[in-house]
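A.B. asks: Residue 518 in the working numbering sits at position 518 of the sequence shown, and the numbers go up by one each step.
Hints listed in this document are in silico derivations from the structure and should not be mistaken for laboratory results.
Some hints here could point you the wrong way.
What the hints assert, rightly or not - Derived lysine-lysine pairs resembling DSSO-like cross-links, with alpha carbons at most 27 Å apart:
#, residue 1, residue 2
1, 421, 556
2, 649, 694
3, 541, 556
4, 455, 61
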Amino acid sequence: MKTLSRIALLSIMVYLTACAESDNSGPLLAEWDTPYGVPPFDQIEDEHYLPAFRTAMEQHKAEIDPIIGNMDPATFANTIEALERSGKNLTRVSNVFFAVESAHSNDSLREVASTVAPELAAHGDDITLNRALYDRVKVVYDQREELDLTSEQQKLLEETHKAFVRSGINLDEESQSRLREINGELAQLSQQFGQNLLQETNDFEIHVTDEADLGDLPASLVAGASEEAERREHDGGWSFTLQRPSIEPFLQYSPNRELRRQLFMGYAMRGDNDNAADNKAILAQMATLRAERALLMGYETHAHFVLSDNMAETPDRVYEFLNQIWEPALRVSMAERAALQEMMGEDGVEGDLEGWDWRYYAEKVRKARYDLDEEVLRSYFEVNAVRDGVFSVANRLFGLTFTELEDIPRWHEDQQVFEVKEADGTLVGIMYMDFFARESKNGGAWMNALRAQSKLDGDVFPIVTTNFNFPPPAGGVPSLISFENAQTLAHEFGHALHGLLSDVTYESLSGTNVPREFVEFPSQVMENWMGEPEVLRMYAKHYQTGEPIPDELIEKLEAAGRFNQGFATVEYMAASYLDLAWHTLAEATEQEARTFEDEEMRRIRLIPEIIPRYRSPYFAHIFSGGYAAGYYSYIWAEVLDADAFQAFKETSLFDQETARKYRELLSKGGSRPGMELYEEFRGRPPTIQPLLEKRGLTGN
């Protein structure tokens, strides 16, 4: 009979006490008696979250203590798998809270986020900086060559050991103490950055009273602007905000240059207005703290620390990669600028092209060159039809079916929920889709896992969410989106497939738990199908007549496919360089954000008519998300996706053998190295040429 140590007995008492105190957590820690075991969103109240977090953290500690106190020698089962099993309730609460807080936030949830962020950071440190726990992990790790482990078990052991080492377990006591302080400060600052950005985005408005200033804005977006003005209690007129479905069309179509300037600058200066929501000091402090932490950990910079665990490995390799694309992209953007300046002159406008002019004249040039009318095009991209299009692609590739579920808990009435099944009827998982922009939602588009797939203790199917910021239906017209928005829908659906098709044993290795450069690969691959004529005819149907998109319009769309790609590539890459600049700071010395950014943009010779896709004060990916020193990963992954899609082009768009190989890649999650999986799928390493050709950056 095995005996328990005193620490293990005490941990059980703590666990029981925590369970007894969990009443205030409402349904979050109870058994979810809901269809498919989805979170009971209709029962969860804001006040439930903080008690649930705190109870779940205590429960997690109570699960860790017996691992440490186990008198038996450390083994893979009693240490590594035991760690993997621990903290399930904390994961459950975290998944639900952060999904809701990002997509349907309010003051109460933001307060919870601010309060719990440093507590979660401290809790994580308590585990990964626990020497007794690490000693047991290291015993197993040191025996790894003698253990009869599967490849997935080997990967779990490697990642578990690495998590402790990269968290600072080998630092001295004083350094660990400072590391804890840094982690807590960063957690708080990150939350504040995101909340400031949301406030700045929601507070800004341009109210238009002259219909002529709307120009050729599509009727559906005019109706949406009218409803926004009414919601903001204006007596008529049209309101435009910094939400993407509002700002981008206005910059494309409004002939009023001054209003375009105001809206453009409102967007460009978010978090940079020297007010209570200013983010410059916050982000500079975060960069400084990250630099200090990297030095503590023995790395030259934060980027060196992050990239040492990524496919790129070093900042030098990332710069080398980016520089291959930057020069041709910059040349193309300069040629685009000349064409827009010429069109602006033909329009009778004197002076130089400015940032607020680019989209307006790009739309004019595109229409003149390709006779492609954006409003006509939107008529064929009703959001539910596009959704059905990506479902059809997944069905033809993998045999998946999607059935909408009506009577199921959700956190907002706009959400759609789908049961995903195999061709034989086997349940794959549940997917939530949340399409429309609102003030309570963060900007951009993203995917969350509410529950990750695993098989350690029985088959657990995944529950995933996808979130967008498309224009909501308005004026009796459904949500009509651009072709670029259709690609965004496919992108997030690709992330969802990565989670849904996961087939591994361990939750921490499932789905999108892969290196940063590889996580964007499956999402970007899915975008490729959306522009193929065969697929366009499947889903692009006129929202009124149901007629499929005509071949003439497909030909125009294809012809314009590489138009303005210099601009798109340069604005994205400028943000990638900016990210690296902040995170290759070799000294923990705080920078003045505007000056620092300006100097980096001069270094890369960014033309003044283009600003980075994300300026520092609203660069949420790196200052309130997980992309610090990793924003380059989108274009790194695009090398993979452009090359991978060629495998289908070389056979057929829905070749079943190629689809089977690709699904096998998706199913492995992070249980094997990403490049190893890619080369197994493709039969060779990727090449950059398909990307350059796709973006029209060759021969310049």
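A.B. asks: List in ascending order the numbers of the hints, as given earlier, that are violated by the structure.
C.D. replies: 1
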